[in-house]
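Please model the complete structure; the sequences and the hints are all you need to start from.
What follows is each chain in one-letter form.
Number of protein chains: 2
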Amino acid sequence: MSSTPMSRKEQIDQVATSLFKSRGFAATTMRDLALELGIEAGSLYSHIKSKEDILQRVCFKMADEFNAAFNEVKNQDVPAGEKLRLAVAAHVRVLTKNPQAAGVFLNEWRHLSEPSLSKFHDMRFQYEESLREIVREGIANGEFKVTDEKFVVLTLLSSLNWLHMWYKPEGKMSPDEIAEFLSNLLLNGLKNF
Amino acid sequence: MSSTPMSRKEQIDQVATSLFKSRGFAATTMRDLALELGIEAGSLYSHIKSKEDILQRVCFKMADEFNAAFNEVKNQDVPAGEKLRLAVAAHVRVLTKNPQAAGVFLNEWRHLSEPSLSKFHDMRFQYEESLREIVREGIANGEFKVTDEKFVVLTLLSSLNWLHMWYKPEGKMSPDEIAEFLSNLLLNGLKNF
DNA sequence: TTAATTTGCTAACAGGCGTTCGCATTAGTA
DNA sequence: TACTAATGCGAACGCCTGTTAGCAAATTAA
Chain A
41 MSSTPMSRKE QIDQVATSLF KSRGFAATTM RDLALELGIE AGSLYSHIKS KEDILQRVCF
101 KMADEFNAAF NEVKNQDVPA GEKLRLAVAA HVRVLTKNPQ AAGVFLNEWR HLSEPSLSKF
161 HDMRFQYEES LREIVREGIA NGEFKVTDEK FVVLTLLSSL NWLHMWYKPE GKMSPDEIAE
221 FLSNLLLNGL KNF
Chain B
41 MSSTPMSRKE QIDQVATSLF KSRGFAATTM RDLALELGIE AGSLYSHIKS KEDILQRVCF
101 KMADEFNAAF NEVKNQDVPA GEKLRLAVAA HVRVLTKNPQ AAGVFLNEWR HLSEPSLSKF
161 HDMRFQYEES LREIVREGIA NGEFKVTDEK FVVLTLLSSL NWLHMWYKPE GKMSPDEIAE
221 FLSNLLLNGL KNF
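Protein chains in written order, with the numbering used here: chain A, 41 to 233; chain B, 41 to 233.
Read the hints as simulated data drawn from the structure, not as lab findings.
Be aware that one or more of the hints could be misleading.
One copy or two, it doesn't matter: identical chains are merged, so the pair holds either way.
[To be verified] Okay, derived cross-link-like pairs now, SDA-like style, lysine to any residue, Cα gap no bigger than 20 Å in a straight line:
1. K212 with R150
2. K91 with A67
3. K101 with N138
4. K185 with F233
5. K190 with D216
6. K190 with N228
7. K89 with P155
8. K185 with N224
9. K185 with A108
10. K208 with S198
Next comes the structure, spelled out in structure tokens:
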């Protein structure tokens, strides 16, 4: 798969991500993590700074990926409906590429301490604002019949962000198929799907 | 408001719910909880059995409320689309009546230990299955154009269950208005809203 | 009044927590 | 070869955790 092997630090991050996802950040101990890696708890500190250090890396790496994926959509010159479709697909792609990290990003960020927490909030707001912008565009040109773009974006993200709970890479739907399904459902509704 | 005053135990549950919601179960200490109530940590145990005892009560009380609300919809003789609308409204009503407890119910249940955890899983599955039944009905009689009822119900619940994150009782939309908005969005989509 | 119940305090327990320290071993590089 | 960096051990630290025990007030019921 990947040509260069993972550094020990990256291994730790990966295993920690898996534990944070399934047990939660607070309920995962450094001794659990060490056990999973076959080493002693103290040994972890040859590679990482602290427990929260790991969480920060996971959260902000995912934030970067979401931003990167969205930026490829942002300035395309297409109708709002189509742009929203592309944004959904981009979001779903990031979400499904690493469901474990996505789960941590979505559920464990609140265990960040300041100033990381504020920075995280800001990035998230920015991302949501960009989506609202698209919806506003669609409302303005008559594509969307809805009026409350805040509510729409919250609902949109809510339905997307549950994905990491049940998505399995070996499942029968590909990320792109999932994205298409969700786009259709949200844009056209159950009745006109 | 309520005629009979809250027992100390109910007070504890309520304050604990608020803390579990905002900080998470694992990150809330009994000393935090006691502080909030103006007593010492040890004093809590004159009223409750254990920390998880509180969590169990909150989770299963909410589960009961969701079931009760849904049961009033279940056997009504209306088209699937209308029944789904009613179910959404019922779900939203429970969610908004006590957003704090709803948040705990939705996010902290995984800290339940066996056998409560299995019982919780079963109840949840049952609830979701009932919703899938409605969607299947709608697919069978041509009301819904969609084919994958599992996916639909997951998306439906996902968008509803984020509500507790931002709903404020003093906000400008009533629970019924929220329910109507969400029903329209999901049934008709952004374009045909 | 007496008796029972509710409510709370203080102190302590046994164990778990994230983290540090000094030292050893291994692997890579020149 | 010798130097350096990566990797790990094991013990210990100071603190925090849920919970218990024994006792004392306060409240309520009879």
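Report the numbers of all earlier hints that the structure fails to satisfy, in ascending order.
Checked against the structure, the hints that fail are numbers 1, 9, while the rest are satisfied.
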